[in-house]
Structures are given as C-alpha cells and as structure tokens.
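Listed here are the chains, written in short residue letters.
Protein chains: 2
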Amino acid sequence: MALKYYHAEPLANSLKSMLPLKEKGLAYESIYVDLHKFEQHSDWFVAINPEGQVPVLDHDGTIITHTTVINEYLEDVFPDAQPASGPLRPKDAVGAAKMRYWNKFIDEHVMNYVSMHGWHRLVGVIARNIDDGTFEELLSHIPLPDQRKKWATARSGFSEADLANATDKIVYALTKIEKQLGETAYLAGDSYTLADINFFAHCGAMVDRMFPELNVDATYPKLVAWRETVKARPAVKEALASEDRTAPGLRTWSGDR
Amino acid sequence: MALKYYHAEPLANSLKSMLPLKEKGLAYESIYVDLHKFEQHSDWFVAINPEGQVPVLDHDGTIITHTTVINEYLEDVFPDAQPASGPLRPKDAVGAAKMRYWNKFIDEHVMNYVSMHGWHRLVGVIARNIDDGTFEELLSHIPLPDQRKKWATARSGFSEADLANATDKIVYALTKIEKQLGETAYLAGDSYTLADINFFAHCGAMVDRMFPELNVDATYPKLVAWRETVKARPAVKEALASEDRTAPGLRTWSGDR
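Taken in sequence, the protein lines are chains A and B.
All residue numbers for the first sequence refer to the numbering used here, where the first residue is 871 and numbers rise by one.
All residue numbers for the second sequence refer to the numbering used here, where the first residue is 871 and numbers rise by one.
Please keep in mind that the hints were generated in silico from the structure rather than gathered at the bench.
Only a predicted model underlies this, so the values are computations on that prediction, with no experimental measurement involved.
A few of these clues could be false.
Each pair may be met inside one copy or between any two copies, as identical chains are not told apart.
Unchecked claim - Below, in silico cross-link-like pairs of lysine-lysine (DSS-like), each with a Cα-Cα straight-line distance of 27 Å or less:
id : residue 1 : residue 2
1  : Lys907    : Lys1049
2  : Lys1019   : Lys1046
3  : Lys1101   : Lys1049
4  : Lys1049   : Lys1020
5  : Lys1039   : Lys1101
6  : Lys1020   : Lys961
7  : Lys892    : Lys1019
8  : Lys1092   : Lys1019
9  : Lys1039   : Lys1019
10 : Lys961    : Lys894
11 : Lys894    : Lys874
12 : Lys892    : Lys1020
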C-alpha cells in the first residue's frame, strides 16, 4: 500500500488534506508542487490531475482530488487510524452530519472568500510581475475556465465590491463560528473533526494576520482559544513546519509578521 | 422510528432529498411548505430550521438540513435500504469518492447557476408583484443574509453579465457530463447514485425546458438518454407526480410546455 500526496505550501487546500494524513499517522510520500513555477499547470502534473490543481492523493495509483473528497476517502479507507482525540469523522450519523454541515459551509461560504483576498494580495503581485506575452502563455495552460478567470482577475485586480462582499462573508463566518464555539468545544461537537481541519486550514489559522482591521483577538476570543488548541496538536505543528517556498514578503497567508 | 420531510415542489433541493427517501423505500411523513406564502420564513418553520430553507429532514426529532448532508445521513442510518439498482452511495471507497466529486461539482458549479436563471424568471416575477412595504417586511423575515440579497436582486433583476456567466457555467457542466456519460452509464460509474439524483434534481430534469437555445436534445444526446432512464424509475415518477402549487404560467422549472 502506497500513498503519495502532491501539495504546495502547508496552508489552505494543501494543508487541509495534509492534516488528516498526519493526524491518522499514515505514512505517505510527500511530493511538493511548486506553484511559484506554475508546476500545477505543467504537462506532468495535468497528466495526474487534469484539473491542474493541488492537492492530489494517489493511493496505489488511484487519483483522488478535492480536499473534502480526499478527507472522506481517508476516513472510508482507514477508519481505524485515528488520533487519540477521536475519529476525524464521527462514527455516529448525527455527528457525521454536523461535520458535513460545517464542511459544506466552509467549502461554499468561507474558502473562496478568504482565497479572493489572498489572491488579490499575493497572486495579484505575482501576476502583475509577468509580462503580457508570458501571461497569455501561462493562461493557455490552465485547464479550468474558472481558474483562468481568477488568474486574469488577480492581475487586473478584484473589484472593491467583490472584496467588500468577501469580507462580509468572512465576518459572517467568524460570528457564526464564535457562536458555535460558545456551545461546543469544536465546530461539529465536543471533539476535533474534519470540520475543524477545514476551517483552520482555510481561515482560522491566519485570519488575524490577513484582516488586522477585524480585531480578531478581541472580537472572537473563543475562536482564538480554539485556534491555539488546534495549533498545539503535534500533527498540526508538524504540518505547519513543512516546506514553504513563498517569498517572505509575499507571506500574506502563511504570515511572517 | 419516525421520519418527517419538510419540502416544497418536487424540483431542485426539495426533489433532491425526496428521491433518496423514495428510492430507499423509507416511510416518511410529507410536510408541504408553501413557498408561495413564504412559509419557509415563518416563525413555525424557522423554529425548525433557523436558516429558513427547505428541505428539512426530522428523524425522531433530530433536524438535518442541506440536501447533500441529508442524503449522506440517510446512507449512514439506512445503509441496507437500497433500490435494486444498487446502493445510492457506493460501498467501495473509490466509488464513494467519485460520487462525492460529482456532488461537490453540482453543489458548487451547477446548482446556484441554474437557480439564478430560475429566480430571474420565476421569483423575479413574484417579487415584482409585491409592493415596497410588503417586500421590506418580507426581507426582514429572511434569516440568511445571502437569501435576503438574492430576493432583493431577483426583484431588481440579475445583471446580464451574471446571467451570461451562469449560462457559461451550465454549458460547461453539460459538456462535462456528456463526456462522462460517454464513459460510464451514470455520473459516478455504472450505477445510479446520489450524484445522478443531485444533477437530475437541479438541472438534468429541466435544462431543455429552461434553455431551449442550448438545443439540449441535439447537443447532449447521452445526457438526454440518461435523463429518460432516470425519469423511468418508479421512485422518480412518484416524486415528480407529488404536489405542485406553482401557478402554471410560472412553471419555468417544473415545466408545463
């Protein structure tokens, strides 16, 4: 049995499926895909994932893509490999439904909006430093139309209205999560699940650094306490310490202060 | 054991979780929520689902919301109640991952875009027939900010750019699905799963009626053949024949020709 995990820096989607691998103690081959060199759109990578996106799980040659799908797959295949804190997908149907409710909320109402701000700041800088001809060439290698649009928009700049809407969505999510963490220790109940991993990877780990104007520490104290609890987990520490080639000045997400 | 299903007309989300109930042969109490009277925003309904949206599954008092979550829940709780064609969620992990890949694609890249066109035509007409004061009062009862925005936009009209983008997304989805149905009999492989139910409920059942300009019958013949196969299923026939209070002239989705 061999697992390979193709991923970039330990944040957002790449972190989201790295954490279950580490929490479950599964041995895997780590294959770093350098987004700074657009390796995700290169022929060798598109041959593995025709959508040209990281991360990818290769399990004995079977390719699984999309982090929420990968994380459910790992639960299906390795149900007994679990951290001491309990299963990442609750064994009872109601607990699993709560976890999936939050996963869906984060996938649909959080991820893209944090991503838009990240792209605006990080990918926008990269995209504007590429000359026109090279940029057109780059776009021509992006398989998904939505991703082509996102790159083009990152270069020209997202509109103020779109960025403001994204901020509203993030504030809504933080408020909702602060409320939930006043009722339960973790998002889907009293144990740590894939829902916590999802929110941590896409938003919770870096929201204070990305949006200092939101005064996250003062406004969402339960979220901050939860974040510190998650950060203290050995699997999380190990993942966050893994390779990061982002130029230090561009670490809006991964956050050199 | 008692199941209650709160739902509106048999299409889109309300159809999406009604089909597994019927396919699995589960006895349930059907509770019709009249969207024409805005019952989904009424106090009695918001007490059941604070998000003010149909459908809702009540399983012995446990409330489950969001159709993709409901459908996975039904698989978790009733794994052995399955149609003769095979389990709605494949028992093997790779099959389940394929089903979830498609569910995610439909949830994130199809549903909202078909819905925008439906709202533009159907809800827009309803919203414009409400006077200003009553409309403000209506908005004040909608729990989710996104839904308030959607109602307000339906009344003022979605932009041409947003509608065109939605059409592009639908064409992309139809093309992708036509290609898949050239390789496998159903979306996630050679048996009928929750992925087929998802696409059928949100798009497949009515896309030809909503978008005659796409020449669906001629352009996507495999999709049309698949749609007819799905429509011939007894559970699907039974669901489609259930109560529909939509004014005939407004049946853009449910489609009186």
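Q) Can you tell me if Lys1019 and Lys1046 fall within 27 Å by alpha carbon in one copy, between copies, both or neither? A) Answer is between; shortest inter-copy Cα gap is 18 Å, intra-copy 30 Å.
Q: State whether the alpha carbon distance between Lys1020 and Lys961 is at most 27 Å within one copy, between copies, both, or neither.
A: Classified as neither: same-chain Cα gap 38 Å, cross-chain 36 Å, threshold 27 Å.
Q. How would you classify Lys1101 and Lys1049 at a CA-CA limit of 27 Å: within, between, both, or neither?
A. within (20 Å within a copy, 43 Å between copies)
**Q.** Intra- versus inter-subunit Cα pairing at 27 Å for Lys907 with Lys1049
**A.** neither (41 Å within a copy, 31 Å between copies)
Q: Have a look at Lys961 and Lys894 and pick one of within, between, both or neither, based on CA distance no larger than 27 Å.
A: both (15 Å within a copy, 22 Å between copies)
Q | Homomeric proximity label, Lys892 with Lys1019: Cα distance no greater than 27 Å | A | neither (34 Å within a copy, 41 Å between copies)
**Q.** Homo-oligomer pair classification [Lys1019, Lys1092; C-alpha up to 27 Å]
**A.** Result: close neither inside a copy nor across copies, 37 Å intra and 29 Å inter.
Q) 27 Å Cα cut-off: does Lys892 pair with Lys1020 within a copy, between copies, both or neither? A) So Lys892 and Lys1020 fail the 27 Å test inside a copy (31 Å) and across (41 Å) alike.
Q | Homomeric proximity label, Lys1039 with Lys1101: Cα distance no greater than 27 Å | A | within (24 Å within a copy, 38 Å between copies)
Q.
Checking an output row: Lys1049 and Lys1020, CA cutoff 27 Å. Within, between, both or neither?
A. between (32 Å within a copy, 25 Å between copies)
Q.
If the cut is 27 Å between Cα atoms, do Lys894 and Lys874 qualify within a copy, between copies, both or neither?
A. within (15 Å within a copy, 37 Å between copies)
Q.
Please sort Lys1039 with Lys1019 into within, between, both or neither, judging by C-alpha distance up to 27 Å.
A. Answer is both; intra-copy 21 Å and inter-copy 12 Å each pass.
Hint compliance for this structure: hints 1, 6, 7, 8, 12 are broken, all remaining hints hold.
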